[in-house]
Amino acid sequence: MASTPALSVPSQPKRTVVGFGPGSLTTKVGARLPAHERFFCLRIAQTILAVPQTDNPGPVGTTGRSREVSLSSNPSVSSMGDSMKKQKQISKSLARQKVPERETKQKQVSFFSHLKQYEHSASLTQFIKFDRYPAVHPAILRLGLQMSEGLVEGSTMRCVQLLYAIKELVKDYSTPDGKELSRDLTHSLNPAIRFVAIFRLSFVAIPNIWPVLTSHLLLHLTRSFLTQCRPLSTSMGNAIKALKRTISEDIPADTPEAQAKDIVIEWIDNYIRECVILAHAMISEHACNKINNGDTLLVHGASVLLNRVLRDAHKAGVQFQVVVVDSRPSMSGRKTAEYLATLGIPCTYILISAISYVMRNISKVFLSAEALLANGYFTGAIGSSMIAMMAKAYNVPVLLCCETYKFCERVQTDSIVTNELGDPTDLAKAPDNQNRLVGWQDVPSLKLLNLVHDLTPSSFVDMVVTEIGMIPCTSVPVVLRVRDEQRL
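Number 461 in full-length UniProt numbering belongs to position 461 of the sequence shown; there are no gaps in the numbering.
In short, the hints are calculated from the structure, not lab data.
Each hint should be verified, as a subset may be incorrect.
[Claimed, not checked] Simulated crosslink set (DSSO-like; lysine-lysine; CA at most 27 angstroms straight-line):
{"no.": "1", "residue 1": "K244", "residue 2": "K261"}
{"no.": "2", "residue 1": "K241", "residue 2": "K261"}
{"no.": "3", "residue 1": "K429", "residue 2": "K335"}
{"no.": "4", "residue 1": "K447", "residue 2": "K429"}
These numbers were taken from a predicted model, which means no experiment stands behind them.
Let's have the full structure, built from the sequences with the hints guiding it.
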């Protein structure tokens, strides 16, 4: 495993040093940060290696004394994927949950070895046991396999299908018989500890807390299995987070099981209707106002939201034409071109290598986002950043269509620290589905990199079209703050 060069730290006796080791990032209070927070801190560690001493109390369950941890003389800065200790912890956690772990069998590019590589050849169901209480619900199992094989694509469709699968899980759920709370809680607490902390309740004193606790445990198992199939999109993570908040805040501990099920199912239906269906209708209405007669629009890949915008604009009688840009290996733009052709919209299909030749004739560029980050950057399908940069060079306005439930508080400045690696074999296949690089795995000097997403700076986007209106990319923190205040 490749690792970045070691960092040298000057001696500062009055400051608490933040250590980066193969285990976890440790601060003065001695708290182990989650993986995503440790990943972000790793990016800023090269400029900020020491933090001033504070009087913050220690974590719950520890003494009030602070523990200072210093760097070793020759520390090694390792990413989450390179940490063998972290990998063992993940493997043990998945084994306890009876969730199969995806194995990486093919070679990886060293610079991206910290990312999990998802390969079609790895079996996810070989060691799953189907007993009376299976670890993975059949609906979740079906969704995971569909995501792994690319049958369910796009962050919107993956999120909607996830909510439908959870809906089936909730309908089939029943409180296990013969369970003693004091014994079973200890066994179930470890994977659900982060969710249990939300309640701030005395579990021993509340006899009906088991259905709520088990629902959180099922969500945790669901997330663990789906993550092994394919990394969860930001929209899926936000939906799961909102669902857990609803279970913990809107369902009292003494709620009957049937009533609690109805509350969760109703919430799922309302979430899909408000955050997806109605949001798409409002975004389409706002975006259609920016499409004029005679415009030549450029879209990239396949997007349910952009198809809705183009369809509504065509139904409104606006005369325009579309240039569909596509790229390997997914070639998802073919679906968009076929859909537009069936609607009777004039369209042109090109590969991404030809955008410099057509950009001078483009009126507006419409893109869709996987997630819109707090610093205004957005993650999209691979190639989105290149298209936005080319549009900026030709002074072509770029409009980003994104629902607000895809907004997140994460900050990211590159596509290296956090990304998704697809199956490298997909790059070796030609359009006729034949493998043109037969035996590439046996060539030591040849490695294939199949990045799924890229990151686009906010300077390349002129406007974000959301269901609440048209806003700049830098307004993401404001939207998140207002949304949190409304929940309170």
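K447 paired with K429 [C-alpha distance capped at 27 angstroms] = holds, 14 angstroms
Sort out whether K335 lies within 27 angstroms of K429, counting only the CA atoms.
-> holds, 19 angstroms
Hint consistency between K241 and K261 [alpha-carbon to alpha-carbon, up to 27 angstroms] | OK: K241 and K261 at ~17 angstroms, within 27 angstroms.
Measure nothing beyond the straight line between the CA atoms of K244 and K261; if it is 27 angstroms or shorter, mark the hint as holding.
-> Holds, at about 13 angstroms.
The structure agrees with every numbered hint stated previously.
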